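Colleague: These protein sequence lines map, in sequence, to chains A and B. Here the first sequence is numbered in the numbering used here, starting from 1 and rising by one per residue. Here the second sequence is numbered in the numbering used here, starting from 1 and rising by one per residue.
Everything labelled a hint here was simulated from the structure, so no lab data went into it. Among the hints, erroneous ones may be present.
Straight-line C-alpha distance at most 25 Å; calculated DSS-like pairs for lysine-lysine [what the hints assert, rightly or not]: (1) B:LYS51 / A:LYS122; (2) A:LYS122 / A:LYS68; (3) A:LYS181 / B:LYS181; (4) A:LYS99 / A:LYS181; (5) B:LYS68 / B:LYS122; (6) A:LYS51 / B:LYS51; (7) A:LYS51 / B:LYS181; (8) B:LYS68 / A:LYS122.
Source: prediction; values computed, not measured.
2 protein chains.
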Amino acid sequence: MSRWRPDARERLQAAALDLFAEQGFAATTVPAIAARAGLTTRTFFRHFADKREVLFADDAEVPAMVAKLMAEAPATAEPMQLIVEGLRTVAATRFEGRKAALRHRRDLVRSDEGLRERDLRKRAAMAEAVREGFLARGLDATRAALLAETCVTLVSVSIAEWLDSVDDRRLDEILRDVLEKLRAELA
Amino acid sequence: MSRWRPDARERLQAAALDLFAEQGFAATTVPAIAARAGLTTRTFFRHFADKREVLFADDAEVPAMVAKLMAEAPATAEPMQLIVEGLRTVAATRFEGRKAALRHRRDLVRSDEGLRERDLRKRAAMAEAVREGFLARGLDATRAALLAETCVTLVSVSIAEWLDSVDDRRLDEILRDVLEKLRAELA
DNA sequence: CCGCCTCATGACATGACGTGTCATCACTAG
DNA sequence: CTAGTGATGACACGTCATGTCATGAGGCGG
């Protein structure tokens, strides 16, 4: 038994999500979150860089996962093929099954401009991971950037469609459709 | 002659850019900007929503310009064709000729995480304008979103390349090349 | 010429955010 | 037994951002 109740980070996150749901993001203060978790404001900032980060903590390891997937893929894999495979894996591992939670987060993010900015930053971080992966595979800077941004476009458009959908289409199926539509646009 | 020296907003912007160049963005406080402009802190926030907005004020009307271009384009125009034409116009009107200033801004943006976030928000605002333009033209939600995001990808990749280039290639020429490369990737 | 209105700014107060710093104290290694 | 480690508390501080009221020049109708 340690001196403090364990899982301080998890308690802070749970408290924050509760309060965001009750009062909205902007109306809940960091001291209120810390108080509900039985901790101090200072401790909150030791676990999260700022108030917004709480909402994105669950997906913190996605860029690292992307980097790993790209590094381990066979050197012969074609870029777009690699993206398709990678997105299937990421979708299955990190998104499928969290639909309700992700919908809730999407609604919160929509409600606050600061959160929208942070969301964009997270997407950009994923794009950066993809881009570096392609650079490491020897692609030139333009191709790497183009493929990375396109990859993120595919993900975000697909996830938006997935979260909006009432039926139970699988995310990877939607991803495939969206890619086909993009191909058609550019043909 | 009015009661106050005119151009408060412009003076604030000039003061801010000077101080950002001298001390960096983070080290510059709003009171310092206001003082250099001969105004008060409160007045700064009357002209700019926050410290970051100063850097992006010059491009505030781009989304409106995009909306106008899309609304005025002939109804028969194909989406991708429309994007290509529109980007040529926007590039010529808003970017070509500001290379030095835009390079400077890019360096500042790179130096600060908060500014990177704001930059992404501005891109997203442009994407949103394009998306709404396509929705107004009757495209379905997925196509509109896909085309809008792709449009922004083309712009940002091209501008990055343009600002990095040492030769004097024109931005619209780079745009065309980048689009061709994207087409090749997806073929 | 007068009085009223408008509106950009000044002046002041306030609260939240985020960080630096030091003390505390359970646990652990040696 | 002792020294070290590491998460937390306690406190101070500076900046950001906003609400509110006062001020006073210029414009306008009378």
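Colleague: Give a verdict on every hint.
Modeller: For each hint, the structure was consulted:
| no. | hint | verdict |
| --- | --- | --- |
| 1 | B:LYS51 / A:LYS122 | holds (22 Å) |
| 2 | A:LYS122 / A:LYS68 | holds (18 Å) |
| 3 | A:LYS181 / B:LYS181 | holds (18 Å) |
| 4 | A:LYS99 / A:LYS181 | holds (23 Å) |
| 5 | B:LYS68 / B:LYS122 | holds (18 Å) |
| 6 | A:LYS51 / B:LYS51 | holds (19 Å) |
| 7 | A:LYS51 / B:LYS181 | violated (40 Å) |
| 8 | B:LYS68 / A:LYS122 | violated (31 Å) |
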